[in-house]
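Participant: One letter stands for each residue in the lines below.
Number of protein chains: 2
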Amino acid sequence: MRDVFVLGVGQTPVSEQTDSNIRDLGTAAVREALKDAGLIEVDALYVGSMFSALFSRQQLLAALIAQGAGLAGVEALTVEAACASGAGAVRMGCLAIQAGVHDVIVACGAEHMTLLDKESTKSALANATDWNMEGRNGENILSLNARLMTLYMEKYGVTSSAFCPFALNAHDNSVTNANAVFRHQIREADYYNSPVIAGPLRRLDAAPVCDGAAAIVLGSERVKSRHAPTVRIRASTVGTDVAALGSRQDPLRLEAAISSCERAYRQSGLSHTDIDLFEAHDAFTILTILSLEAAGFSEAGHGFEPGQTGAIRLDGQIPISTMGGLKARGHPVGASGVYQIVDAYHQLMDRAAENQVEGARIAMTQSFGGLAITAITHILERT
Amino acid sequence: MRDVFVLGVGQTPVSEQTDSNIRDLGTAAVREALKDAGLIEVDALYVGSMFSALFSRQQLLAALIAQGAGLAGVEALTVEAACASGAGAVRMGCLAIQAGVHDVIVACGAEHMTLLDKESTKSALANATDWNMEGRNGENILSLNARLMTLYMEKYGVTSSAFCPFALNAHDNSVTNANAVFRHQIREADYYNSPVIAGPLRRLDAAPVCDGAAAIVLGSERVKSRHAPTVRIRASTVGTDVAALGSRQDPLRLEAAISSCERAYRQSGLSHTDIDLFEAHDAFTILTILSLEAAGFSEAGHGFEPGQTGAIRLDGQIPISTMGGLKARGHPVGASGVYQIVDAYHQLMDRAAENQVEGARIAMTQSFGGLAITAITHILERT
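So the protein lines, in turn, are chains H and B.
Okay, so the first sequence: first residue is 1 according to our numbering, each after it adds one.
Okay, so the second sequence: first residue is 1001 according to our numbering, each after it adds one.
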């Protein structure tokens, strides 16, 4: 199996209001990634998007972004795994290079979500539930995450204070990220004063609805030689779970995340103790906590503690959301999985400026589709 | 690069009215394919669908079908390339096996299209155009194919009689396919009497809106040993074109099909003269003709002739739509690319009964997304 390297990255600023359409967003990110990599010969483009068909009426998005980026004619396919769509595109890119089929591919995530009103968007996000068992019966991503929070609070006897530090940390880190949608700090009082939108879930527990696109150029050993030092993808894995929350044996165990991590550790020969930073799927604070448990950073019932001890901060033991995460950098859903890798790349290449995690050599990113129905994990290492 | 083999296939009957939902359709096809292959250990499931989100409100479809088919936990991702989505899932499966990442994967295409009224479906299909330049301005798949027909008729001085034989051949072959949606022959008079739905395009030039799912099990050399003889995938390629018809230099040259075929011939070391049967993307008769030209079976302007000479019939030089094709077996769009490979597999394994192409050893399948914005080609060989 051939090695896969990240040769360059690009992103548009995450926004709550853009004049660009989804094609232009994707095209801009791809062009920037190609410029960053200094490459012009591309074999394929894989694009992740959740809402291109529903909101922008555009399918075949990968072919259209290829055309926009001057790559017309290349292999181009779109991957969908709801909010993990972008990470799915990266996964597909890894496969193509590992296979020896392609030497240079671009993986892009693009989302234009702010076209509809908030209620319609919330409703559309319910497509990422088990529709027959949940969405159709009025459940949505907010209500399901609220249920997870309640379960966690009841089982482990914690209060809202368990969740608050994750929101604060994300906002602290986004202040100095020029591409973040939120560039302001929040304080504990802001968290507690933020409206409860699905008890006990507060607005500040949730990532915002956004527009944006991110792209990375992946290359084989053959083309990597021009790029040293660089970042190698040590693991690219996908796990899935029973979809409906009510059908899971233990809803507080994110099985998709657990299996995806186990596969990633096996593939890389690494363990959680080797990870210098973790770009978690912090779309909801409860998911961050459960991710920390699933990845082995904390025991079950203790995933909230790294928030309280400060271990998740840039100078902590396991920094997360280092550029603001989904919570504050922003969550254009199908693009977030690629943004995470862009952020990790900047960290590993010592390009994170004020957000730099000192000495970071190994990063893990993890993206969820729905309530961790699908989990896609990547481990990256500075070579 | 590792070889990829087809170890088993499954399909639901194509239908214009089903009580099943898209998950159940996909699940049934996957279960049948697994039974056919006699395998239980599956590493990943890739699913192609165009309309799962729009019509069934279900994203993450691959994870849900995995769950339904008893594969919960495996890697599962959905691929979208409009009407070529299913072929995209097969492409992804090939990459995973070629990479050495997985040994057994299932590729499935699933579509439930008959949920909406005809006008809404037609409108949704326009998502497979260049929306900004075409769909938004009232163009749709029918109007664009009609324009291609007009261009072809004007340039080469042919009449409707150039198109008619392709519809007749498809219906002739579907009569004996128990899974076909249409199991009746049509005559020339039926073709000429069928209503013009977008001049000069008649209803019988177009494939019907359908429901259905198909699946194939792909395996590496390591697991293939139990299965001899079997079918090897000699080529799996994707080409793309400038999306809007009006932006193409020569709309009658399907560049995506041409590059996809060229890549497939190069990958396999074969040429069009080696192909014993061709499952073309006969969603519209004009596309079939242009496909024959793009694949090298006919010179430009002569692709209609194999229809007139009978070369496309089961006993002809280049049989097409051997089980009825998209036109008469049916066209559940995101599933069709997999149905084509199921049909080709039956032919190569001598399992096509009354539809058998005698001595068939090498088959080519080709699936289009939109007006050949994306073309995905597979070449299969009996080993």
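Hints in this document: simulated from the structure, not taken from any laboratory.
Model, not experiment: these values are computed from the prediction.
Hints should not be assumed to be uniformly reliable.
Each computed SDA-like pair below joins lysine to any residue, with the alpha-carbon atoms no more than 20 Å apart [unchecked claim]:
1. B:K1035 x B:R1057
2. H:K122 x H:R136
3. H:K122 x B:R1057
4. B:K1118 x H:L54
5. H:K35 x H:S225
6. B:K1122 x H:S225
7. H:K118 x B:G1070
8. H:K118 x B:R1057
9. B:K1122 x B:K1035
10. B:K1118 x B:G1070
11. B:K1118 x B:E1154
12. H:K122 x H:G100
13. B:K1122 x H:P195
14. B:K1118 x B:E1016
15. B:K1122 x H:L54
16. H:K118 x H:L54
17. B:K1118 x H:R57
18. H:K122 x B:L1054
19. H:K118 x H:P195
20. H:K122 x H:S194
21. H:K122 x B:F1055
Now the stretches of chain H that chain B is said to cover, found in silico as 3 or more residues with beta-carbon under 8 Å [said to hold, decoys possible]:
22. 52 to 59
23. 64 to 77
24. 82 to 93
25. 127 to 141
Using N, Cα and C, we set each Cβ at its ideal position, and we do this for glycine too.
Participant: Taking the hints in turn, state whether each one holds.
Facilitator: Cross-check of the supplied hints:
no. : hint              : in the structure
1   : B:K1035 x B:R1057 : violated (29 Å)
2   : H:K122 x H:R136   : holds (13 Å)
3   : H:K122 x B:R1057  : holds (13 Å)
4   : B:K1118 x H:L54   : holds (18 Å)
5   : H:K35 x H:S225    : holds (17 Å)
6   : B:K1122 x H:S225  : violated (50 Å)
7   : H:K118 x B:G1070  : violated (36 Å)
8   : H:K118 x B:R1057  : holds (17 Å)
9   : B:K1122 x B:K1035 : violated (36 Å)
10  : B:K1118 x B:G1070 : violated (35 Å)
11  : B:K1118 x B:E1154 : violated (30 Å)
12  : H:K122 x H:G100   : violated (41 Å)
13  : B:K1122 x H:P195  : violated (43 Å)
14  : B:K1118 x B:E1016 : holds (12 Å)
15  : B:K1122 x H:L54   : holds (15 Å)
16  : H:K118 x H:L54    : holds (15 Å)
17  : B:K1118 x H:R57   : holds (17 Å)
18  : H:K122 x B:L1054  : holds (15 Å)
19  : H:K118 x H:P195   : holds (16 Å)
20  : H:K122 x H:S194   : holds (19 Å)
21  : H:K122 x B:F1055  : holds (17 Å)
22  : 52 to 59          : holds (count 6)
23  : 64 to 77          : holds (count 9)
24  : 82 to 93          : holds (count 4)
25  : 127 to 141        : holds (count 7)
When each numbered hint is compared with the structure, violations occur for hints 1, 6, 7, 9, 10, 11, 12 and 13.
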